[in-house]
Structure formats: C-alpha cells, structure tokens
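Trainee: In case you want the letters, here they are:
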Amino acid sequence: MLPDFPKAKAKFQQTTTRLIDELVKREPLLSQIRRQRQFEGNRMSVGPENKEAYQSGYKEMAAELEMKREEVITMGPAAFLLKVRSMAEQLQEQQAKMVFEDLRRMVERAGTVVDAKGRELSFDLFLESFEKIWIDFDEQGKPHLPTFFVSPETGLRLKEKLTEWNANPEYQRKFDQIIEKKRQEWLDRESNRKLVD
Amino acid sequence: MIERAIENWLTNTTERNYQMPFCQVLLKRAHKVIYVSSHGQMEQGKDIVSVDSKGRCCAYQLKTGKIDLPEWRSIWGEVRELIELPFLHPSVNKTEIHDSFLVTNGEIADPVRIQIDQINEDNKRKDRRCSYLDVIDKQALLREFVDAHGGFLPKEPKDFQLLLEHLLADGADFLQKDKFYDFFNISMFDETPRSESFARNAISSSVIIAGYVLNPYQTKNNFYAQFEAWTCLAACIVRDAHKVALKEESWRPSLSLVVSEIVRNLSMLKEETVQRKDFLEGDWMGDGGFVYQARATIVLGALAVLETHLCSADENYVTNEKLLDVVRQNVKTLWFWGESAFPFIQQLSLAKRGRHKCLRHVAPLPNLLRYVNHDLDLHGQVR
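Line order of the protein sequences matches chains Y and E. Position one of the first sequence corresponds to residue 1 (our numbering), numbered consecutively onward. Position one of the second sequence corresponds to residue 1 (our numbering), numbered consecutively onward.
Since the hints were made in silico from the structure, they are not lab data. Treat the hints with care, as some may be off.
Listed below are the simulated SDA-like cross-link pairs for lysine to any residue, each with C-alpha atoms no more than 25 Å apart in a straight line [claimed, not checked]:
hint	chain 1	residue 1	chain 2	residue 2
1	E	K28	E	D147
2	Y	K68	E	Q275
3	Y	K11	E	W335
4	Y	K68	E	L85
5	Y	K68	E	F290
6	E	K332	Y	Y58
7	Y	K68	E	A109
8	Y	K7	E	W335
9	Y	K7	E	L164
10	Y	K7	E	F174
11	Y	K9	E	R276
12	E	K32	E	L85
13	Y	K7	E	D147
All values reported here derive from a predicted model rather than from experimental measurement.
Using the sequences and the accompanying hints, generate a full structural model.
Mentor: Structure (structure tokens):
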C-alpha cells in the first residue's frame with residue numbers, strides 16, 4: 001500500500017455522516033418525528049398503554065453513491081460533499097416510506113382508520129378523522145393540531161375545502177366542540193399520568 | 001509477554017520479513033553475513049550465506065509456514081540447489097562443502113524430517129559430496145529471537161505501554177516516529193554511560209526487536225512506514241555507535257542490514273507505484289485533492305531517494321522507465337504544503353543531478369519549488 005491518512009479520513013467520514021443525518025431530518029414528515037438512539041439490543045417495541053406493544057427489528061437503509069476516479073482525484077473530499085444532498089434525499093425517501101408503512105400498520109391495529117369508502121372529501125369525513133386521534137395541548141391550552149399528509153391532488157382540493165369550511169359558522173362550531181372534547185380527553189390523561197412506578 | 005509477542009509475529013510473518021532479524025541473529029553468533037537475497041530472488045537455492053567464526057560457509061533457505069510433504073515436493077528443486085551447488089564468493093573456501101539449513105517460521109512435518117534424514121544418509125553413504133541439510137523450524141527460530149533480546153526488555157509499565165502501542169498500531173497509518181524513537185531510546189539507547197559490549201548488544205538487539213515491532217506495517221505491506229522506521233533505527237545506531245566510540249566492525253554489519261531493509265522496502269514501494277494507475281489508496285471517501293497530492297509528493301520523493309542511492313551504488317544503474325513515466329505524469333501533482341514537504345521536493349531535484357540519467361527531466365530545486373508554488377512553469381518561465 002501507499003502511505004495513507006486513515007485518521008483524517010475517519011474524521012471526514014464522521015462529519016459527512018452527521019451532515020447527511022441533519023439533511024435527512026429536514027424532510028417535512030421526518031422533522032416532526034422524535035428520534036431516539038438505541039445503543040444496545042436488536043429489536044424494539046412501541047405501542048399505546050394498555051395494549052399489546054408492536055415489536056419490530058431494524059431495517060437497513062442505504063444510499064448509493066457513485067464517484068468517478070477522476071472526480072475524486074481532482075476534487076478530493078469536495079467531490080463527496082457535492083453528492084451528500086442526493087444521498088440525503090435517497091435516505092429521506094426510504095425513511096418516509098418506512099414511517100408511512102409503520103403508521104399504516106399501527107393505526108390498523110389501534111383501530112383508528114377512517115375508511116372513506118369512496119366518499120367525497122367532506123367536513124363530516126374530516127371531523128370523523130379527528131374523533132379517532134389523540135390531540136395534545138400546550139400550557140396555554142392551544143391544541144397541537146395534527147399534520148395531514150395527502151397526495152398533491154388531494155392537497156389542492158383540501159385547501160379549497162378548508163377555505164369554505166372556515167367561512168361556515170356551523171362547521172366552526174362543530175370543530176370547536178371536537179377540540180373541546182379532545183381537551184377533556186387530554187386533561188384526563190394528564191391527571192391519570194403515572195409519575196412514579 | 002515478550003515471547004508471546006515475538007511468537008505472534010513469527011507465526012504471521014513471511015520469510016521476507018524475518019530474513020533480516022535472522023541475519024542479525026547470525027551476526028550475534030559472530031557469523032559474517034556475505035550474501036542476502038533481495039526481492040525473493042535467491043541465488044543457487046540460497047537466501048542467506050554466512051561464514052561462521054570457524055570459517056565454515058553456512059547457507060540458508062528461508063520459507064514461510066508449515067512444510068509438509070506436498071510443500072516439500074514443491075520446493076525440492078530449490079533444496080537440491082541449496083545442498084548441491086557451491087556458493088561462489090571470495091570469502092568462501094571452495095574446497096570445503098558448506099553447511100545447509102532449511103529455515104521456516106512454521107513446523108516441519110515428521111515425514112519431511114524423515115526424508116531429510118534419509119537424503120543426508122544416502123548422500124553420505126554414496127559419497128556424493130553434497131552439503132548436509134539441517135532444519136531450523138519455528139520453535140528454534142523463536143528461541144533464537146527471544147535469546148537475542150538479551151536484557152533489553154521493557155521494565156516500567158509505561159515502556160510496556162509503548163511496546164504495546166507499536167504492536168497494536170494501525171498498520172495502514174503513518175509510523176508514529178516520536179513514539180518509535182521513544183521506545184528505542186528508553187529500552188536500548190538511553191543516555192546512561194554504558195560499556196562497549198552493552199552498546200554492541202543494544203545495537204544488535206534493536207535490529208531484531210524492530211523486526212517484530214513493525215509487524216502491523218508488515219501485515220499491511222505499508223512499505224513507506226517500514227522505510228521510515230528502519231531509517232530512524234539506522235540513525236539511532238549511528239548516533240549510539242559514535243557516542244560510545246564503538247569500533248566500526250561492531251556496528252557496521254548491523255547498519256548494513258538495516259540499510260538493506262530500507263532499500264528493500266523502498267524497492268517494494270517502487271514496484272507497487274509503477275504498477276498503479278494513480279495514487280488513490282484505501283477508502284476513497286476523504287481521499288483525492290490535497291490528500292492525493294501529499295501522497296504523490298511523499299512517494300515520489302521517497303523513490304527519488306532510492307534512485308539516488310542506487311545510482312551512487314552502481315555506476316551502471318539505469319532508472320526504471322516506468323518510474324520515469326510516473327514522475328513525468330505527476331510533476332504537476334506535487335504539493336509544497338510546508339517545510340516538511342521540502343525533503344521530498346529536494347530529493348526529486350537531487351536525483352535529477354545524479355551522475356546518470358536518473359529523473360533528469362525534473363527541474364532544478366529553486367525552479368521546482370517555485371513551480372509547485374505556482375510561480376513558474378516547468379521550464380522556469382514566470383506564469
């Protein structure tokens with residue numbers, strides 16, 4: 001072998017990995033998901049209280065990086081930094097896909113799926129989805145409203161509908177009722193919280 | 001613990017890497033080493049030829065690993081040369097039959113030992129005037145190396161730590177020269193006043209110890225790190241010999257062995273360099289750019305040292321054309337990153353001024369320096 005610089009390369013690789021990680025976390029869905037590093041073990045379980053936890057192992061996610069010899073020679077480490085964004089996008093796609101798949105599995109188990117059964121997007125359908133979810137509130141009593149992830153076409157329609165619904169006082173009243181109900185649920189949860197085991 | 005470390009090295013190394021420490025063992029036994037093969041090209045079946053204190057010629061063929069029957073059959077031709085062909089050298093008495101030794105860092109299987117016995121007896125019975133073949137296996141080699149240590153073992157915990165750091169170093173990295181010097185200065189070449197015999201033993205032990213301390217770099221074929229290490233040791237030997245005013249015959253043979261290792265490692269580096277398409281090494285991530293330029297400068301500078309040495313040692317020496325091509329193609333890659341780059345750039349320029357056509361196309365030093373600093377082009381014209 002020719003003389004090499006393994007320590008310097010290791011540092012560069014660590015920094016690049018951290019950079020890719022930061023970029024991945026900026027994805028709109030992924031940025032809202034809390035992350036926790038697991039240092040030991042080969043599986044994890046997650047689930048609501050009083051229900052059977054969902055267990056899973058780990059999935060590998062990898063991004064492909066193609067470099068030409070001449071690029072590496074002339075540009076050096078900068079050649080890799082230029083490709084970092086595309087690697088982050090690949091990982092974002094894989095992680096987001098995994099999140100949706102896991103979410104689908106979990107909501108089916110929890111029974112919180114709202115099946116439109118081919119119905120048009122309506123305010124009642126919209127409220128039905130709110131009925132099934134938990135909503136948390138902050139210290140000022142403001143709700144942490146959920147984020148909707150929809151297809152681009154549905155997104156456009158939803159935007160139009162929301163403008164309509166906001167202008168309808170009856171709809172606004174029904175929505176406020178749901179929110180108040182959710183506030184009560186939240187307060188009950190908070191008062192029943194086990195602080196010490 | 002030291003014995004375990006030596007055994008671990010001996011088990012995993014090759015004949016090229018234990019060859020030199022073995023030569024040092026012979027020197028310690030008052031042999032005069034008159035021939036050492038280079039690049040694995042043995043002459044007449046002999047890797048090492050020495051003359052012992054009684055004037056008897058001893059020839060050694062070195063092997064790696066276990067010698068069982070299939071292996072024995074594959075090397076039989078070389079062994080025949082070892083025992084049948086005399087070694088032609090002014091120091092060797094041609095009327096006498098030499099002693100032959102088959103040396104390995106592995107085991108010699110019993111069927112092979114039996115065959116060797118039978119061959120020896122048959123040769124004697126039929127008066128064939130062939131050399132008697134003896135064997136030196138791993139256990140015997142280990143004994144030799146451990147005994148050659150003498151009293152030069154780490155004594156304090158921090159000295160053990162230094163030794164362990166070397167034995168466990170990342171062989172792909174650069175040699176940690178400060179720690180290398182520390183280890184040898186503390187264990188062998190310290191400042192306390194010593195007798196001549198102590199200094200002689202220190203020098204010969206240092207050569208053997210260096211052999212296995214460099215194990216991580218040998219495993220990775222990191223020829224540059226080994227070149228640096230042997231150069232450091234050569235400097236320690238010369239310094240110590242002069243400090244104690246040792247007679248030249250006490251230390252010169254050991255220094256010659258060390259210099260031969262320097263040349264051997266640089267030659268291996270040259271062989272590798274001329275076969276490569278480029279100077280990329282290891283993981284590409286983090287390579288290229290300045291890293292690439294630094295590596296090219298270091299390697300070409302080191303090879304310029306080798307060419308200068310070979311030119312001065314042999315007036316008929318001609319630089320390898322492939323190496324010249326590599327230098328031509330990579331002059332623009334050279335990088336003067338700071339004062340520590342100077343020796344490499346300087347050596348490339350010095351090689352140009354050699355008596356013979358070594359790297360002649362490289363610019364004189366001042367121009368070369370200004371070239372790599374982007375002031376001049378290669379013909380000395382301002383950019």
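Trainee: Decide if the proposed pair is consistent with the structure: K68(Y) and A109(E), CA atoms, cutoff 25 Å inclusive.
Mentor: Judged against 25 Å, a Cα distance of about 51 Å means the pair is violated.
Trainee: Has the given pair, K32(E) with L85(E), been kept, meaning a C-alpha gap of at most 25 Å?
Mentor: At roughly 20 Å apart (the allowed maximum being 25 Å), L85(E) and K32(E) satisfy the hint.
Trainee: For the pair we were handed, K68(Y) and L85(E), check the Cα-Cα distance against 25 Å.
Mentor: violated, 54 Å
Trainee: Please verify whether K7(Y) and F174(E) have alpha carbons no more than 25 Å apart.
Mentor: holds, 10 Å
Trainee: CA of K332(E) to CA of Y58(Y), is that 25 Å or under?
Mentor: violated, 49 Å
Trainee: Would you mind confirming whether the straight-line C-alpha gap from K7(Y) to D147(E) stays at or under 25 Å?
Mentor: Not OK: K7(Y) and D147(E) at ~37 Å, beyond 25 Å, violated.
Trainee: Going straight from one Cα to the other, do K9(Y) and R276(E) come out at no more than 25 Å?
Mentor: With a Cα-Cα distance of about 21 Å, the restraint between K9(Y) and R276(E) holds, given a limit of 25 Å.
Trainee: Run the distance test for K7(Y) versus W335(E): straight-line Cα separation, threshold 25 Å.
Mentor: holds, 20 Å
Trainee: Do the alpha carbons of K68(Y) and F290(E) lie within 25 Å of each other, as the hint requires?
Mentor: This hinted pair holds, its Cα atoms lying about 17 Å apart.
Trainee: Between K68(Y) and Q275(E), is the straight-line Cα distance small enough, at 25 Å or below?
Mentor: holds, 20 Å
Trainee: K7(Y) and L164(E): Cα distance at most 25 Å?
Mentor: Roughly 19 Å separates the two Cα atoms, so the pair holds.
Trainee: Is the Cα-Cα distance between K28(E) and D147(E) 25 Å or less?
Mentor: holds, 10 Å
Consistency with the previously given hints fails for numbers 4, 6, 7 and 13, ordered from lowest to highest.
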